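Protein chains in written order, with our numbering: chain A, 1 to 872; chain B, 1001 to 1108.
Quick caveat, the hints were computed from the structure, so don't treat them as lab data.
Misleading hints may appear alongside valid ones.
[Unchecked claim] Under the rule of at most 35 Å between Cα atoms (straight-line distance), these lysine-lysine pairs were calculated in the DSBU-like manner:
id : chain 1 : residue 1 : chain 2 : residue 2
1  : B       : Lys-1057  : A       : Lys-311
2  : A       : Lys-47    : A       : Lys-498
3  : A       : Lys-59    : B       : Lys-1024
4  : B       : Lys-1063  : A       : Lys-47
5  : A       : Lys-48    : B       : Lys-1086
6  : A       : Lys-47    : B       : Lys-1057
7  : B       : Lys-1102  : A       : Lys-59
[Said to hold, decoys possible] A few chain A residues that don't get close to chain B, going by computed Cβ distances all over 10 Å:
id : residue
8  : Glu-23
9  : Ile-29
10 : Leu-33
11 : Lys-34
12 : Phe-60
13 : Tyr-166
14 : Ile-359
15 : Arg-584
16 : Gly-615
17 : Thr-657
18 : Asn-663
19 : Pro-723
20 : Glu-779
21 : Leu-810
[Said to hold, decoys possible] Here's a subset of chain A near chain B, in silico, CB distances under 7 Å, partners left out:
id : residue
22 : Glu-42
23 : Asn-56
24 : Ser-62
25 : Lys-484
26 : Thr-795
27 : Ser-798
As the structure is a prediction and not an experimental result, all values here were calculated from the model.
Beta carbons: idealized from backbone N, C-alpha and C, even for Gly.
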Amino acid sequence: MRPKDKSYPSKLATRIFRLYCSEELVEEIEGDLKERFQDHLEQFSSKKANRLYWLNVLKFFSWHTIKPRKSYTSYSNQSGLNHSVIMFRNYFKIAIRNAKKHKAYTAINLLGLTLGLTSSILILLYVNHQLSYDQFHEKQDKIYRISLYDWAITPNIVGPALKRAYSEEIQYSMRMAFFGKRIFNYEDEAFTSTMIYADPDFFNVFSFQFLSGNKQSALANPNSLVVTKEAALKYFGTTDIVNSTVQIAGENYQITGILNNIPTNSTIQFDFLGSLVDKRWVKKEQWSNAMFHTFLLLSDDLNPSLESKVKTHLNELLEIPADSEDAAPVNWLNIKDLHLRSNLSFEMGNTSSMSGVYIFSSIALLILIMACINYVNLATSRSIERAKEVGMRKVMGARKKQLYYQFLGESLIYVFGSLIFSFALILYLLPSFNQLAGVTIEVSKLWSLSFWSGMLSLGLIISFLSGFYPAIVLSAFKPVNTLKGSIAAKGEKKLLKKGLIVLQFTISTFLLVSTLVIGEQLSFIQNKDLGYAKDQIVYFSINDDLRKNFESFKNQLKSNPRIHAISFSNSTPLNVGSRGGTKRLEHSSEQFFTTSYLKADEHFIELMQMKILAGRSFVRNDGSIDDSEEGKIPAVIINETMSQQLEWTPEEAINKTINYGKNEVLIVGVVADFHSSSLKNNIEPFMITYGTSNHRYALIKLGTDQINETLGFIEDQTLASAPGLPFDFRFLDDQFNRMYRVEARLSRIFSIFSTIAILIATLGILGLISYMALNRAKEISIRKVLGASVQNILTLISSDFLKLVGLALLIALPSSYFIMNNWLADYAYRITIGTEILIYASVASIAITLLTISYQAIKTALSNPANVLRSE
Amino acid sequence: MKKRYYLGEFEELVLLVVAGLQEKAYGLSVTQIIEKDLKRPINMSAVHTCLYRLEEKGYLTSKLDGATNKRGGRRKRLFLITTEGKMALQEVRNQRQFLWSKIPSFQA
């Protein structure tokens, strides 16, 4: 930068001058102006010189300086602006006339583009929504969820302990517990709704907006309750309910605040939010009470020193040396990653994955490519018709560039016409799409500026992608050839068109194969014999009261004939978190292998209907039960994989004593392998140990009828035996299906969008075949005259397309086989992609092609050659 | 038919100045001569436009040259009178002289 110097004229004035002056004149005039300024500087003060400089700059503003200099060649452009406006109107008129003249073509084109745009915009909305999760918290960069091992939830001691230890680094720590549905009583009415409990600092950490009430006091008192506006209107009919009293499971809660609705892109979702203050089941901080999502609001960004300090501290509390191998790993997760980048046990529900985002984006991209290809193919195949127009325009003086823009503009008209249809369709389809994709995208999003600017830029990009090639082809025609009527499509152009068709079919075949593979894998998962019966099993968390009253609770439940079995265990078969090392007694300590285990009572095997291969369950043959007292060797039942690991047959394993850590356990039975985690994982050595203490879940097997009544009965009994226990039940098969909800969604979305992709490809072929039939009418007529049969003609027409489809299959089948095999590689238990899937996909592709071209092909083949040739 | 020359009063003035400046004529120098020597207040932009018009008429040619520090490194457009221009001036002068000679009382 030059310092402000009095011997230089005002920069602003110079800038203004450059702004208006035509480029060719800037040099000389600016020179004159500056020289004049220097002259003035010698005579007058710099101020006056500058004023005169300004004056001169302004005086130079005239028609002479602003108008662009004419170059002698651009004679045709003489009338400038006016001229192009007239031409623009002409282009528009011609485009509309052409569209009206060829209604079928226009319809196919618009339909293809509309389908493509609608699908991809919906998918992009989904992707955008996924990426926007939890971004609305003001302090999002400093909000972390902390957890141990591979669990998302933590014991209730973790949050408060960390806050006490690092009160400087940690501004707030907050625990949150999810309780599914709860029963509410308000005045005389009862309803169930979702509820979570949280520490009072909830609102200091998260940015949820209050409609009434305030964030400092909302959760400060025991039994205070915050409700969302939506829930308030739904259940109370008004938002004027602050200070009202609501009963939840017999306890009185006071409503202290109304929240504006929770954004749909929040991972934390609830209708009611209760205070954790003084809750009996939280008050005592302990390691065994692990049902809390713990969030920390840090004073500063997360740094490694805090990470290591926290790890050391937590492991100290757990009495594990932090540098040892057994040290509990601590997971820090920024709230922005909660939705897409976290995959631990007991996530908040509702979580998704980045791979889903990638997969969906690619589908959107593929569909868009197909829609563009359609346009390109249709527009270029029509080039013969437009050729005369191009020739005429050129003769009249149109330049190549003008024609290029004309045809590019035409694609703009088509794309934006389709965009309008798409928008209407999206408005209409959004609710169904939300259901399909399992998200809540609000309709108001469609009226936002960001959505419209996105649509606009998408439209421009698609217009260009689909329009630029036809524009080049069409604008390149030589007037002499076109007007003489002899434009033969050149070889290379045909090659490109064929290449595009092959690409289209490759994409749709790939989507078809993927759909089939995903669908088959999903049904494989759902129908796989898990090694136990997952249906009709309800489970819920229990507390000390229920543990103490177990016998009476069990007997009461047993009195109901619809309850088939009941068992207590420390985890369900689907969320086993405990692992330990086991080995044969005579083996060395290196031969310890990791074994998952759960502790259960004697009813567990029977309730889960596991298959005993050898030995017995925890009930001895004489009806007595294995010992659980101190000092006795505990009985365990192992799975087949574990017996193999121990190098015993199931029969040999019975009554053997093995090492379990430092202790010894006695194998009393071997059960067939069962799946305790997602089918993505291999079955690991598994051990069910017998025990009567420290159980955390009650599992109840129900009959198939009157399930609601039975559940009500169980809740009553639970409440009677353990008054403070929330009856937060879940079905085991729900938990199972939740593991595969990504696959289920993927399967649904793939089937819908591959259908659309195929439809678009079909439309493209439909358009092409009709133009081909038209262009080759004479050739076919002559063939007929010379004796070709209808069959010959049909073969001739279809073989052209079938060759392309065949080539597409050659590309698509191996590549989709490879890609889907890759996808399946995630699953330890998976289908193999059999030839039947590939055959099915090929047959479907060929059949669809034949079906599409059949009408036109037959019509052409049957046409009377005389009609075509007569006019020559 | 004899070619006719059209020169406005101001154009004639500018053309004369350019002819007199001989290779040193550009927008500002012409302006300065008119201002200082003829004591006629004038716009730079008017001179500039006029120079271009004369060039269009073929009485002047121009080239870009002669950047100086004073001009912020910008070049000048130097104007030179063409034969056509000279003939136009001659023609105008002849006409004037012929008319002057018709005025007896003014004769020296």
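Verification of the hints:
With a C-alpha separation of about 90 Å, the suggested pairing of Lys-1057(B) with Lys-311(A) is violated against the 35 Å cut-off. Distance hint between Lys-47(A) and Lys-498(A) is unfulfilled; the C-alpha atoms sit about 73 Å from each other, more than 35 Å. Only pairs whose Cα atoms come within 35 Å are accepted, and Lys-59(A) paired with Lys-1024(B) is accepted, the gap being roughly 24 Å. With a C-alpha separation of about 33 Å, the suggested pair Lys-1063(B) and Lys-47(A) falls inside the 35 Å cut-off, and the hint holds.
A C-alpha spacing of about 39 Å is found between Lys-48(A) and Lys-1086(B), which places the hinted pair above 35 Å, so the restraint is violated. Pair hint Lys-47(A) plus Lys-1057(B) does not hold up; C-alpha atoms about 40 Å apart against a cutoff of 35 Å. As the CA atoms of Lys-1102(B) and Lys-59(A) are separated by approximately 42 Å, the hinted pair breaks the 35 Å bound. No beta-carbon of chain B comes within 10 Å of the beta-carbon of Glu-23(A); the shortest separation is about 13 Å.
Look at Ile-29(A): its CB is around 6 Å from the nearest CB on chain B, not clear of 10 Å, so calling it non-interface is violated. Once the 10 Å rule is applied to beta carbons, Leu-33(A) is inconsistent with being away from chain B; the minimum gap is 8 Å. Distance to chain B contradicts Lys-34(A) as a non-interface residue, since its nearest Cβ pair spans about 4 Å, not more than 10 Å. At the 10 Å boundary, the C-beta of Phe-60(A) falls inside the reach of chain B, the nearest C-beta of that chain being 4 Å off.
The beta carbon of Tyr-166(A) sits about 64 Å from the closest Cβ of chain B, which is more than 10 Å, so the claim that it is off the interface holds. For Ile-359(A), the shortest C-beta to C-beta distance to chain B comes to about 60 Å, beyond the 10 Å cut-off, and the non-interface label holds. Against chain B, the non-interface label of Arg-584(A) holds: every CB pair exceeds 10 Å, the least being about 93 Å. Separation of Gly-615(A) from chain B is adequate, the least Cβ-Cβ distance of about 100 Å exceeding the 10 Å criterion.
With a cut of 10 Å on Cβ distances, Thr-657(A) stays outside the contact zone with chain B, its closest approach being about 98 Å. Here Asn-663(A) stays apart from chain B, with its beta-carbon at least about 92 Å from theirs, past the 10 Å limit. Even its closest Cβ contact with chain B, about 92 Å, leaves Pro-723(A) beyond 10 Å, as expected for a residue assigned away from the interface. Annotated as non-interface, Glu-779(A) keeps its C-beta farther than 10 Å from every C-beta of chain B; the closest such distance is 61 Å.
Under the 10 Å C-beta cut-off, the non-interface status given to Leu-810(A) relative to chain B holds; the minimum distance is some 65 Å. Residue-level restraint check for Glu-42(A) is violated (minimum Cβ-Cβ distance to chain B is 10 Å; threshold 7 Å). Taken as an interface hint, Asn-56(A) checks out: its beta carbon lies about 6 Å from the nearest beta carbon of chain B, inside 7 Å. Here the hint on Ser-62(A) is kept, as its CB sits about 6 Å from the closest CB of chain B, short of 7 Å.
This hint is violated: Lys-484(A) has a C-beta 44 Å from the nearest C-beta of chain B, more than the 7 Å allowed. This hint is violated: Thr-795(A) has a C-beta 72 Å from the nearest C-beta of chain B, more than the 7 Å allowed. Against a cut-off of 7 Å between C-beta atoms, the interface hint on Ser-798(A) is violated, since the closest Cβ of chain B lies about 69 Å away.
In this structure, the earlier hints numbered 1, 2, 5, 6, 7, 9, 10, 11, 12, 22, 25, 26 and 27 are contradicted, and the remaining ones agree with it.
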